Structures are given as C-alpha cells and as structure tokens.
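Using the sequences and the hints given, assemble the complete structure.
Given next are the chains, with one letter for each unit.
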Amino acid sequence: MATSIDVSDVHIYYGDFKAVEGVNMTVKARSVTAFIGPSGCGKSTFLRTLNRMHEVIPGARVEGKIMLQGTDMYAPEVDPVAVRRQVGMVFQRPNPFPTMSIYDNVLAGNRLNSKRMSKSEADDIVEKSLRGANLWNEVKDRLNRPGMGLSGGQQQRLCIARAIAVEPQVLLMDEPCSALDPISTAAIEDLIHELKTTYTIVIVTHNMQQAARVSDETGFFNLKAAGQPGHLVEFNSTKKMFTNPDNEATEAYISGRFG
Amino acid sequence: MSTLDTLSPMEAGRLPRNAPLFVGVAALAAGALVVVLGGSLVLGAVTAALVFIIALPLWSAVVENRRAAVDRLVTGLVWTAFAVALVPLIWLVWMVLDRGLATINPEFLTYSMRSVIGDEQGGLYHALMGTIVITLIATAISVPVGIFAAIYLIEYGKGTKMSRAITFLVDVMTGIPSIVAGLFAFAMFALILGPTRFGLAGGIALTLLMIPTVVRSTEEMLKLVPDDLREASYALGVPKWRTIAKVVLPTSVAGIVTGVVLAISRVIGETAPLLVAAGFTNNLNTNPVDGSMMTLPVFIFTQFGQATEKGYSYAWGGALVLIVIVMLLNLTARIVGKIFAPKTGR
Chain A
1 MATSIDVSDV HIYYGDFKAV EGVNMTVKAR SVTAFIGPSG CGKSTFLRTL
51 NRMHEVIPGA RVEGKIMLQG TDMYAPEVDP VAVRRQVGMV FQRPNPFPTM
101 SIYDNVLAGN RLNSKRMSKS EADDIVEKSL RGANLWNEVK DRLNRPGMGL
151 SGGQQQRLCI ARAIAVEPQV LLMDEPCSAL DPISTAAIED LIHELKTTYT
201 IVIVTHNMQQ AARVSDETGF FNLKAAGQPG HLVEFNSTKK MFTNPDNEAT
251 EAYISGRFG
Chain B
1001 MSTLDTLSPM EAGRLPRNAP LFVGVAALAA GALVVVLGGS LVLGAVTAAL
1051 VFIIALPLWS AVVENRRAAV DRLVTGLVWT AFAVALVPLI WLVWMVLDRG
1101 LATINPEFLT YSMRSVIGDE QGGLYHALMG TIVITLIATA ISVPVGIFAA
1151 IYLIEYGKGT KMSRAITFLV DVMTGIPSIV AGLFAFAMFA LILGPTRFGL
1201 AGGIALTLLM IPTVVRSTEE MLKLVPDDLR EASYALGVPK WRTIAKVVLP
1251 TSVAGIVTGV VLAISRVIGE TAPLLVAAGF TNNLNTNPVD GSMMTLPVFI
1301 FTQFGQATEK GYSYAWGGAL VLIVIVMLLN LTARIVGKIF APKTGR
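Chains as they are written, first to last, in our numbering: chain A, 1 to 259; chain B, 1001 to 1346.
Honestly, the hints are just simulated from the structure, not real lab data.
Any given hint might turn out to be false.
Said to hold, decoys possible - Derived pair list, reagent style EDC-like, types lysine to aspartate or glutamate, alpha-carbon separation capped at 20 Å:
#1 B:K1158 with A:D16
#2 A:K115 with A:E167
#3 B:K1240 with A:D79
#4 B:K1158 with A:E55
#5 A:K224 with A:E21
#6 B:K1240 with A:E77
#7 B:K1240 with A:E55
Claimed, not checked - Derived CB-CB ranges, DEER-like:
#8 B:D1227 with A:D124: 30 to 36 Å
#9 A:N137 with B:V1172: 56 to 62 Å
#10 A:F17 with B:R1242: 28 to 34 Å
#11 B:P1239 with A:D124: 49 to 55 Å
#12 B:W1059 with A:P38: 47 to 53 Å
#13 B:V1172 with A:P38: 55 to 61 Å
The structure presented is a predicted model; accordingly, all values stated were derived computationally and were not measured.
Where a beta carbon is used, it is the ideal one built from N, C-alpha and C, also for glycine.
Okay, here's the thing in structure tokens:
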C-alpha cells in the first residue's frame, strides 16, 4: 500500500519567481514526515509539488525529479491526474463538497471518477473510510445529511475519510489542524498515528509540539532573506531534530530563538 | 421604571419605543388634513413625508442627543427613498391590472386576430404562441453558448489574451441597441434567403441580446465557487472537465439558473428587433422557419397603434399577460434556486 518518495534537486517556480530551491530528501514509507518552518518559506508549496497540485496555479512549474514507485512523477508521459490518485491530500481548511451528503462526500473520489460499484460495495467503502477517519460513530445515523452541517473538526475528518476512500499510497496534509480546536486536533493526531501503519504521511505544521508528537522525521525549511527562495535547511529524524539538531538555525528556530 | 432623577447615564434621554409610529400617525394626519383642505393627493403625501422626516429628528434632538437625532433623520430619509422607489412599480402593476383585467377572458387567451373586423372578439393566442416559440429558440441557442463561454473564461482562459478579448467583446455586445440586433438578424437571413421575416430570425436577434447577459451572470456565479472545492476534487485524482461538470457546476447551478431566467425575462419584452426580424401577423403561426410570427410585445405595439377603444384595451390586456409571464418566470427562478441551493444542514 505505502510507498516512499525520493526527491532530488527540486526547484519550484511561480512564473519567474523561484519559491523553493534545491530540495533533496527521501520520505520513508509507512512513517510520518513533518515539515516545519516560518511562513512563506515554501513548505506548503513543496508539499503541493508532491502530488502535482502546484501546477494547478497558472505559471507555476517544477524542475527536478520526484520518484514515486520508481517513476519520475514529473516525466512528460506521466498524467498528473494519475499521480493525484496515488497521492491524496488534506487541506488547511476543511472543504467538503457543499452539494453532497456525508455519504456522497466520502464516495466523491470514486464517484467522480465514475467507478461503477454496487450499493453494498459503496456502503463498505463509506463505513471503512469513516471508521478509518474516526468519524463513523459520530455520523453513522445521519449519512444522508449534508457534509457542511458537521462541526469544523468533523468536517476535517470527513475530508480525511474522503481522501483515504480512494486508497492512495501517500497522504499529504497541509496544516490540517490549524483551523481546529485542541480536542479536534488531538482526534486528528490520534488518527495520523493509526493511518501511518497503512499510508505514507507528509504533514506541514506550524505547531512544533505537533511535529514532535506525530512525526518520525522532520524537515526544516527556511528563507535566507525576504524575497529569496526557501530551502531545506535540515532533514533528520524528529528525535534528533528536537534534541540535538545538526544545524544552528534549526536549533534557534525550534527553541524559539529565531531571527 | 426609574424616575427622572434616578436615571443612569445609559438610560437617560431615550424616546419611547413607539415614537416613530407616533410621529408616523401624526404625519399621516397632517397629510390627510392637507387633502381635506383641498390639496391634491400628491401634496398630501409629500406633506406627510416631510412632517415625518422633520418632526422625529426634532423631537429626538430635544429629548435625546445629536447622534440619535441624525440617526433618526437618516433612517427617515432611507425609508422615504425606499418608498419613492416602490411607487412606480406599484403604480405600474396597479395600472396594468386596472386597465387589462377587464379585457382578459377565455376567448382573448385562445383566439387569434385572424379575420377579426370591427368590434368582433379577437385574442392574443397567436402572439402568445409566437413569444413562446421565439423565446424558446433564443434560450436554446444562447444558454449553451453563454454557459460554455463563461466556463472557458473562468476555468480555462483565466488571464489569457483570448479571455480578455472575449470579455471585451461580451461587454461590447451588452451595449448593442436591441434594434441593431434585429436589423442584423434580418440582414443576415436576407443575404441568404432574400428579404423575408420569420420566427427563427427573431429568435436569433434575441440570442444576440441574451448571450452577454448569460455569460456575465454565469461568470459571476462560477467565480463564487471557492478554489478549495476545485483543489479538493483535483486532489482526489478527478480530471479537470469532470471537476467542472460534477463539482463546480452543481455548486453554482442555483445562481446560473436564476441568471438564465432573468436573461429570458429581459428579452421576452423586446419589441423592436422582433418587429424587424419576425414581422407581424394576425394569424397563428407556430412554424419558426416559415412566415411572419406574432409576439406579445409586437401585439401590444400594433394594437396600441390602432388608436381605437378596442385596440387600447387589447394592448393593456397583452401587457398584463406579458407581465404575468415575466413574474411567473421570476417565481420559477426563485423556486429553482431554492431547490438547487447547497444545503448546509443547519
């Protein structure tokens, strides 16, 4: 199910502006990798290049190689739509489809790709995904109600259920808890712990405690100066990053002596 | 509750809650007095409005403070402006009902004007059918063209030279005088078929007027769909065209339908282009590619042009039918909008 991602010498551009330069890393399979760093340092941008969502923005492009299952996902013959089926994504703000019920939201990935399935298959996928996202017990009696009627934390877990319903290899999470209260955040962190047994997870977070709690490896992104491209400063196991980082800037950032 | 000398600063100097009602009744009384003393109805209404706008702030200035007085003055002005804006609408509806209702009877709605002479009973059935056929043609052509153009502008061509050019041309099209659209449709078919007038040409003329409205309103609705939803769909591995068809359009369908219906009700009352392109006739003709076709606005125009008692009454009857159709369309738009609106479950 899960796979690793090899990133070598990746440069990311918005038009003429270079947003991120020279990233090399290996995201391990069945583990949680966290990206931390100040705002505007390119960690979200980099995350979006991992499933080719970056190029949705007009003028945006990527140079370099990102290997997924032995294929360069930026090779000309690769279809971005096929990449996104392998690499799912959860966004900063919960974004369930407003026209769909909870049930249809979970099935959206399958239905929108016009996969044919029987009612019982569909029911199975919905139950399995909602259980996987720790939401089943809360919504099992109102699957036909609109997804927008749930609370913010429930909506975010619905979005996770929707992302895992298509059974991707990798799950990207862009600050999934930043719009949530501590209890919903705890629920989602627990969920990340469970999900990593099946999926490769990459998470961007502004909360360093969160990175320390959930991740196995951590990457620290930083800017040299305002207007300069962001770059990967250090990539190490989370334990090492938070106790004895190799780089001084990492230590300064993590211990709050940044700037 | 509290007597004057024990008022707290927050309670001090407030007019009674029903003060506006009080002043309103007094103002109406003043207006009625003017009418009784021989002033016209309009003078009475103006007096009442003036008394209300001046008296309430004055009273407030004495009892309350400057801010409250200004607040009451502006509130009064806003309400007056609202009432003034409503006057023409209510007047128009009342006048059409008053003059048209007497004309409406089953024969008027089911007879055409074929060989109707003098005071014989005729009707607008031919015009009603013509309006329906021509409007359907215009809708059938301009809705797909308009919606697909808007999809191109918002989803595919954002910021490109092509889309800027299209937006500019759509803006120019919005400003085309309707009679020019009629002349264009007539001239176009005259080049191919020689000078003839028929329903399809009228439909084409209306299409020219309808497309820009449909493009504009659909564009606005598509812009309202958050990019979050598009990205959520892409991230599930859904291709772009399917995202548009299954996520973007369903989310905005209520607004698009409302826009389309409003565009229809705008062109349904066009007279000049239809007179030029579809001509006029007293006979029922439901074949849009053969012979002149009557429509409601042209019916009103020609009946009014007769300058006879019967002509005037038929014109008002036609106007009433036209207004009822437009109102029904608006009602449909609202109901459809309600049905399709995304449900929040709250």
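Outcome of the hint check:
The straight-line distance between the Cα atoms of B:K1158 and A:D16 is roughly 18 Å, inside the 20 Å bound, and the hint therefore holds. Taking the CA atoms of A:K115 and A:E167, the gap is near 13 Å; set against the 20 Å cutoff, the hint holds. As the CA atoms of B:K1240 and A:D79 are separated by approximately 12 Å, the hinted pair is consistent with the 20 Å bound. Among the hinted pairs, B:K1158 with A:E55 is consistent with the structure: their alpha-carbon atoms are about 14 Å apart, no more than 20 Å.
This hinted pair checks out: A:K224 and A:E21 have alpha carbons roughly 11 Å apart, not beyond 20 Å. Distance restraint check for B:K1240 and A:E77: the Cα-Cα separation of roughly 18 Å lies within the 20 Å cut-off, and the hinted pair is therefore satisfied. For the proposed pair B:K1240 and A:E55, the alpha carbon gap of about 13 Å is at most 20 Å, so the pair holds. The hint said 30 to 36 Å for the Cβ distance between B:D1227 and A:D124, and at roughly 32 Å that hint holds.
For the pair A:N137 and B:V1172, the supplied restraint of 56 to 62 Å holds, since their beta-carbon distance comes to about 59 Å. Taking 28 to 34 Å as the suggested C-beta distance range, the pair A:F17 and B:R1242 conforms, at roughly 31 Å. B:P1239 and A:D124 have their C-beta atoms about 25 Å apart, which leaves the hinted 49 to 55 Å range violated. For the pair B:W1059 and A:P38, the beta carbons lie near 60 Å from each other, so the given range of 47 to 53 Å is not met.
In this structure the hint that B:V1172 and A:P38 lie 55 to 61 Å apart at CB is violated, the actual value being about 48 Å.
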